[in-house]
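These protein sequence lines map, in sequence, to chains A and B.
Using the working numbering, read the first sequence as starting at 1 and increasing by one per residue.
Using the working numbering, read the second sequence as starting at 1 and increasing by one per residue.
Rather than coming from a laboratory, the hints here were simulated on the basis of the structure.
Predicted model only: the values in this text are computed from it and were never measured.
Watch out, some of these pointers could steer you wrong.
What the hints assert, rightly or not - Covered stretches of chain B (chain A as the covering partner; in silico rule of three or more C-beta atoms under 8 Å from a C-beta of chain A):
1. 42-56
2. 67-77
3. 102-112
Backbone N, C-alpha and C fix where the C-beta goes; we use that ideal spot for every residue, glycine too.
What follows is each chain in one-letter form.
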Amino acid sequence: GDKVKQSPSALSLQEGTNSALRCNFSIAATTVQWFLQNPRGSLINLFYLVPGTKENGRLKSAFDSKESYSTLHIRDAQLEDSGTYFCAGETGNTGKLIFGLGTTLQVQP
Amino acid sequence: DAGVTQTPRHEVAEKGQTIILKCEPVSGHNDLFWYRQTKIQGLELLSYFRSKSLMEDGGAFKDRFKAEMLNSSFSTLKIQPTEPKDSAVYLCASSLEGAEQFFGPGTRLTVL
């Protein structure tokens with residue numbers, strides 16, 4: 001958790017609103033991955049990023065390797081977006097990921 | 001295509017027993033990872049294989065944890081002997097050459 005810090009640790013949103021999650025790295029991350037762990041416990045890969053941005057539906061993610069941070073933006077939050085979001089950084093070309101401790105998101109109707 | 005599969009989904013063991021967890025990666029993936037997930041420590045890497053070669057054997061987990069990959073489509077994680085502090089969810093993931101990691105459903109281990 002020290003090498004990859006996620007904020008906030010928990011978040012509650014009303015359906016239809018927007019929010020941003022952040023991940024700060026104290027490692028020299030070369031790629032970043034974002035995952036959603038749903039209430040059943042399954043970890044779903046949302047994004048694999050080299051420096052730059054990607055968008056998928058209501059989700060958008062950015063990775064700035066020079067400033068060592070990544071963000072995940074959620075637009076028009078839906079109930080099914082609830083769960084814990086993890087970011088993870090890879091250093092070098094090892095394939096190994098170092099995970100943050102997660103942001104737990106609850107979307108309220 | 002089948003995703004990553006793990007068996008069993010749940011395991012209950014007595015302290016001191018030996019347990020073996022199993023994982024089948026996504027077909028064609030050459031990286032395989034074993035993680036342990038707890039509420040306090042989060043996701044911790046236990047072992048990492050690339051093309052069946054052990055790249056990381058988990059440092060602090062070395063003494064009682066042993067992962068093996070006898071062929072490209074099957075891996076095991078043995079815990080011997082088990083201790084109550086080993087109670088956690090054990091996750092297996094695979095990827096192709098360090099790209100997106102895909103996770104299995106996990107094995108929830110309870111050690112009494």
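Of the numbered hints stated previously, which ones are contradicted by the structure, given in increasing order?
-> 2
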